[in-house]
Amino acid sequence: MSAIEHIPEFENDVPPGENRGLLRFLTCGSVDDGKSTLIGRLLYDTKAILADTLHAIEKTSARRGLTAADLSLLTDGLQAEREQGITIDVAYRYFTTGRRKYIIADAPGHEQYTRNMVTAASTADLAIILVDARRGVLPQTKRHSKLAHMMGIEHLVVAVNKMDLVGYDEATFRNIEAEYLHFATRAGITDIPSVTVVPLSAVNGDMVVERGERLGWYEGPTLLEILESAPVAHAEHAEPFRFPVQYVCRPQQSTDPKLHDYRGYMGRIESGEIAVGDDVTILPAGRTTRVEAIHLGCQLFERAVAGQSVTLLLEDEIDISRGDLIVAGKVSHGGTPRIATELRADLCWLSETPLDPRRTYLVRHTTRTVKAKLAAVHHRFDIHTLERQQAAQLGVNDIAEVSFRLAAPLAVDAYERNRATGAFIVIDETTNNTVGAGMVV
Amino acid sequence: MTARLPEPQAIASRDGLGHLDWLEAEAIHILREVAGQCANPALLFSGGKDSICLLRLAEKAFRPGRLPFPLLHVDTGHNYPEVIEFRDRRAAELGERLIVRSVEDSMARGTVVLKSPTESRNKHQSVTLLEAIEEFGFDACIGGARRDEEKARAKERVFSFRDSFGQWDPKNQRPELWNLYNARVHQGENIRAFPISNWTELDVWQYIEREGLALPSIYFAHRRRVVRKNGLLQPVTPLTPAKEGDVVEEVSVRFRTVGDITCTAPVESTADSVAKIIEETAVSTVTERGATRLDDQASEAAMEQRKKEGYF
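First to last, the sequence lines map onto chains A and B. Just add 10 to wherever you are in the first sequence, counting from 1, and you've got our numbering. Just add 31 to wherever you are in the second sequence, counting from 1, and you've got our numbering.
In case anyone wonders, no lab produced these hints; they're calculated from the structure. Where a beta carbon is used, it is the ideal one built from N, C-alpha and C, also for glycine. Treat the hints with caution; some may be incorrect.
To be verified - Cβ pair distances, simulated, as ranges:
no. : chain 1 : residue 1 : chain 2 : residue 2 : range
1   : A       : 440       : B       : 128       : 33 to 41 Å
2   : A       : 270       : B       : 245       : 49 to 57 Å
3   : B       : 245       : A       : 42        : 48 to 56 Å
4   : A       : 65        : B       : 299       : 12 to 20 Å
5   : A       : 366       : B       : 203       : 49 to 57 Å
6   : B       : 200       : A       : 368       : 22 to 30 Å
7   : A       : 424       : B       : 203       : 50 to 58 Å
8   : B       : 200       : A       : 109       : 49 to 57 Å
Claimed, not checked - Partner residues aside, some chain B positions facing chain A, computed with beta carbon under 10 Å:
no. : residue
9   : 95
10  : 120
11  : 167
12  : 182
13  : 201
14  : 228
15  : 249
16  : 303
17  : 305
As the list claims (entries may be wrong) - Stretches of chain B that chain A covers, calculated by requiring three or more beta carbons in the stretch to come under 8 Å of a beta carbon on chain A:
no. : segment
18  : 49-57
19  : 79-86
20  : 103-114
21  : 144-154
22  : 268-279
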């Protein structure tokens, strides 16, 4: 481990336009791949680790007979986990470079893998898939890649770690790179906008934040450079406007007479953008009107874009409530979003209690909740190869293509076209637990 | 709407939202989900900086309407008077309802029993909070906890389920995917919702600066009599008097967190403005809780333990 003066200086005053917002990514891999060490290295080299935390892990490392601080201890979790020697849940960690803020979703490698990875991937823009340079592309590398693809991750970074243990050998790296890209092409995941393969040594820090001296033959970007330049969600192509209504503001009792007729539709723009004067349609009812104003608190906006939470005021008085979806333009019959009373979807089952075709469940899609019943299991994906296989049952960590019959219509898009209006969760009415995660096909 | 409206604006960043805009939008979305899904929520407001941010976010989320929840403070009776005064003033300015429930009342009822008169009341807040939840029938409490504070928090959900004893079970949390939060509970159970889960200490200070938020005075550098103990500054107060042999010094300090007097320590600082605090935070070498919390130093899993017992 390198000395503390190694910490780079980040500028706190970033010129306007250089603020690259926020990027969420997940790390896939097991402890054996050096995942914890890599996260520790990123946190340490970007100065997200402070002296008291470092001091605590130095003490623990020394107690375990290590000569240098073991960076993997930085991601050590709960007492409940230490007692059992396992990692049970996704942990979220943070660092910033001054230009961009990062949220890492750290999914544990072994226990409940599918469930944890699906959870972590659901909010991520980018996935780092770790490969041990000594072991190359493994079945789990392929599984992680396919799951990331299925979850709609736009950017894959294959981090070939432990280059120090193969003598920083270029040929070893090139072989892994070629093998991975061959697999990616065959598996059909090259439609992910970017797949980057990078050699690194998390233990020594080469090509993570600093280039280091030992990988001189590699001319591509460091891991941090890849993270710094990855476009965030919604930035790359135009998407249609989607605005699920969360809450309706009607402050009639206010003493201000101007507020007597105020009806604000509150929500977050899930995709696309909207401007004052735009035509909108309210789904699933299908009524149309125009945007009169866009508010947030006491601020007024001319236009608003994906990611913003705002309040929309509309020209006509229409009965709109939580669960309705406001979309741009006039939606024609057969257009998108589709008004569905049957959902065909990839479903990941998250509960120890298997999916019961006789029972009624709740489907929560955007801000709307409807009753739903399983209509069919079309096929299950083998958890290791993600190949299709016949199945009638669905247990914990299984993924299958299924159909649900709905008690009321939902306005849906295909998940691959729109993550927000293509995703849903399944809730067990009895326990109130979240038992499934679905992606509309 | 309020009388004075700023010019219409659109966001500027070429890559979508800046990080504070993104965090703000996410927190507002979470607050509106609580309001949309829960019948009777409350927002925990202590007068501390994180809950001050929460209040501003709630204003943005729900104005020009009233907040769809009351403010609730569980007072140990050992808070700094500047913070309590700020709490009351802020609630009055907003015209929102503030409910205060006190650990001292729980002690009088006999539901909180201290091991000794000098034992910190901090962890006993859980009892008083659960009593308030029962008294008012709250099905959700909105709190200002952040995942960067502590490793037990790093794994907690944004919508965190608590059973009818207020207990958090880290091994049995509801999966939380996309932004589809599940706040469904049975009678007597409870959701703790954390809208600023993804914020760091630095984000909080940057937001305070951007929004021009007022803070209790003890967040800024002031001179205070302290005793140095285990690398921390123990303030000398009537509750925590200097013991024989203690060397009392007067130094320039500020508080990074404010809480119960018996377990919150200030840090040495001359930062007397938000801008200077941001500068200090950006180059700080010690974590927020590490520098200031006497209660987390007890063991590696102190927070995890308290949360299992119903702590927020």
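> Which numbered hints does this structure break?
Replying inline: When the structure is compared with the hints, numbers 2, 5, 7, 8, 10, 11, 15, 16, 17, 19, 20, 21 and 22 turn out to be violated.
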